[in-house]
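If you read the protein sequences in the order shown, they are chains F and D.
Here my numbering is used: the first residue of the first sequence is 171, the next is one more, and so on.
Here my numbering is used: the first residue of the second sequence is 73, the next is one more, and so on.
In case anyone wonders, no lab produced these hints; they're calculated from the structure.
Where hints are given, some of them may not hold.
As the list claims (entries may be wrong) - Ranges between beta-carbon positions, derived for each pair:
1) L101/D x W466/F: 33 to 41 Å
2) G110/D x R338/F: 20 to 28 Å
3) E526/F x E354/D: 34 to 42 Å
4) D364/D x G507/F: 49 to 57 Å
5) P356/D x N509/F: 54 to 62 Å
6) L265/D x T195/F: 25 to 33 Å
7) P356/D x P386/F: 54 to 62 Å
8) G110/D x W466/F: 57 to 65 Å
9) H195/D x N509/F: 39 to 47 Å
10) R338/F x E340/D: 54 to 62 Å
11) A465/F x D364/D: 53 to 61 Å
The structure displayed is predicted, hence computed values, not measured ones.
From the three backbone atoms N, C-alpha and C, an ideal C-beta is built for every residue, glycine too.
Listed below are the residues making up each chain.
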Amino acid sequence: MTVQELPGAGASHRSPQPPAWSPRTDAAPLLPDPEPYRVLGTEAADRLDPELMRRCYAELVRGRRYNAQATALTKQGRLAVYPSTVGQEACEIAAALVLEDQDWLFPSYRDTLAAVARGLDPVQALTLLRGDWHTGYDPREHRIAPLSTPLATQLPHAVGLAHAARLRGDDVVALAMVGDGGTSEGDFHEALNFAAVWQAPVVFLVQNNGFAISVPLAKQTAAPTLAHKAVGYGMPGRLVDGNDIAAMHEVLSEAVRRARAGGGPTLIEAVTYRMEAHTNADDATRYRGDAEVEAWKAHDPVELLERELTARGIIDEAAIQAVRDDAEAMAAALREGMNADPVVDPMDLFAHVYAEQTDRLREQAAMLREELEAEDQA
Amino acid sequence: MAQALTRAMRDAMAEDPTVHVMGEDVGTLGGVFRITDGLAKEFGEERCTDTPLAEAGILGAAVGMAMYGLRPVVEMQFDAFAYPAFEQLISHVAKMRNRTRGAMPLPITIRVPYGGGIGGVEHHCDSSEAYYVATPGLHVVTPATVEDAYGLLRASIASDDPVVFLEPKRLYWSKADWRPEAPAAVPGIGKALVRRTGTSATLITYGPSLPVCLEAAEAAREEGWDLEVVDLRSLVPFDEDTVVESVRRTGRAVVVHEAGGFGGPGAEIAARVTERCFHHLEAPVLRVTGFDIPYPPPMLEKHHLPGVDRILDTVARLQWEN
Ligand SMILES: Cc1ncc(C[n+]2csc(CCOP(=O)(O)OP(=O)(O)O)c2C)c(N)n1
Chain F
171 MTVQELPGAG ASHRSPQPPA WSPRTDAAPL LPDPEPYRVL GTEAADRLDP
221 ELMRRCYAEL VRGRRYNAQA TALTKQGRLA VYPSTVGQEA CEIAAALVLE
271 DQDWLFPSYR DTLAAVARGL DPVQALTLLR GDWHTGYDPR EHRIAPLSTP
321 LATQLPHAVG LAHAARLRGD DVVALAMVGD GGTSEGDFHE ALNFAAVWQA
371 PVVFLVQNNG FAISVPLAKQ TAAPTLAHKA VGYGMPGRLV DGNDIAAMHE
421 VLSEAVRRAR AGGGPTLIEA VTYRMEAHTN ADDATRYRGD AEVEAWKAHD
471 PVELLERELT ARGIIDEAAI QAVRDDAEAM AAALREGMNA DPVVDPMDLF
521 AHVYAEQTDR LREQAAMLRE ELEAEDQA
Chain D
73 MAQALTRAMR DAMAEDPTVH VMGEDVGTLG GVFRITDGLA KEFGEERCTD
123 TPLAEAGILG AAVGMAMYGL RPVVEMQFDA FAYPAFEQLI SHVAKMRNRT
173 RGAMPLPITI RVPYGGGIGG VEHHCDSSEA YYVATPGLHV VTPATVEDAY
223 GLLRASIASD DPVVFLEPKR LYWSKADWRP EAPAAVPGIG KALVRRTGTS
273 ATLITYGPSL PVCLEAAEAA REEGWDLEVV DLRSLVPFDE DTVVESVRRT
323 GRAVVVHEAG GFGGPGAEIA ARVTERCFHH LEAPVLRVTG FDIPYPPPML
373 EKHHLPGVDR ILDTVARLQW EN
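Work out the full structure, taking the sequences as your base and the hints as a guide.
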């Protein structure tokens, strides 16, 4: 007896077929190439734009110097804390360079260098970390959102801003930065999903620097790469060598172009490495070995570009020296700016809580004023 | 009240193209309580938007929209489903003006249907106001009448600061002699109102408990009590002067709200009244609140919610002889 011959078998007893269903998009074009995209040291480097690369090089060297200076300032007690981006300068700088004036940058607490590369005065960029005030600049003036400390929470802001700009017919792209650890947060998911559903002109840049404080990527996610996460939202994911500024610039530019042209968001994972501790308060030897750090040293973003550009005759000793001198001047100005004691007004505590001060705050402000006056007289 | 709220959004949207309504089911459906009914049809889906189902994402996107100059009006579907958005609310919405030293105010209105008394199952009846009032940088308002629903929502949308607009669910269907053709003047945020004058004691309340207090005040007449009833309308800022002025006159006060008593707004109000009216008080300031329990199942909610009898029993204790 065959199955068909069994009693009860036959078409009339089969449950009806569900309505036809098919996925809305072909996933293949959204999938990242699992090998990080590289330009430096490959054939693709033949088409480098010398002028752009000289600019990138100058910014990289300045960025490295900026990192060193900021770290030194923590040792002198001039900065309360500094999350270094040594090793990640190519990501920070490319993010700033691919944006037009009208575009917006949404940095995390680590991304002061991106803000500086976008043109923000370093002292203003470091206001938060210095403890003078939370945000040292007018976000609208520079189109740089306040540095976000709660992880990934700035990402939905980028989506909302880009969406609003598009509703108004303005040509604005938002670029939002987040760390590998931040991709585990709910806000990361919600932001990507909103951006894709709204086709908002946003670029999400994940700097996968290997660790979230002490926790390695393997304990953060089981995804093949973080760029793969894009597919689930219906946006393209790209994997790129985060130490290769030429590759970073190219991939980010392409995503910005796509967003500007109405093509919607992109998720970019930059594979890089945090060479220094999480902040000056962290002890990196507790969770990683020297060998790993040494291996990444050989893949340093500044040296990678310097080697390529020197070999191609795009820069020479004199140009390198000029760039270093310029970086040194920037560091001197930063030192000087930071060595001036910031003027803080205690009455500012109450000035910007509400548009109009409440009675409650007026009362508390009066109390503080009396205390200050008493101190002055003593 | 539902209609007045709808009308307030409609008028605001008609007057100001930067006003955008967004939330879960607010478009085609008009919201689960139909408060946004017709807005998508009249103003298009770009101005009244069905968002993905994600409260943090909704409020977070609203932050970005407000940064770009829009005035988002966000609907949180129910009190207890607003909690995923708390990080955005507390870390960004409430603080952006302050973090940027006034450079970046966020004019966002967050509408939250709150409170019980509608027979809702769990997670649909929380009185969440204590969480909001404890967060500096937010305004927190709650209308109790149809006119205030309109006026306060208009004022909230017009405010340059973020406002948590708490809508007492069980008053959605309350009717009153309100003619939408001639909406009452906007009362403004931060103004309490004496809803009933009296001489023996002051009931201080807001939102869903106002009708209960007014009913209790009527019933108290038989007991020889002439109760004044103050409707706060705005919890932040708290209109201390109106309250203090009333209590100094009556000499006795009871704070009434649905939210739990421990750490609830009533504790703060009672403390402030005591500080400022100490020599006028004939009795300690008492409170009638919901119990300090998770919101109970529908069949038990009547035992939890402050009702007329519990208010009258508390008022009786104000003689403070025993
Ligand atoms: C919501 C939230 N949780 C925890 C923290 C504390 N914290 C600060 S940085 C950090 C690790 C972040 O790692 P990652 O996202 O990889 O960024 P990276 O520091 O490597 O740039 C943590 C846990 C925080 N800032 N915000």
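Quiz item: Which hints from the list above does the structure break, by number from lowest to highest?
Solution: 1, 6, 9 and 10
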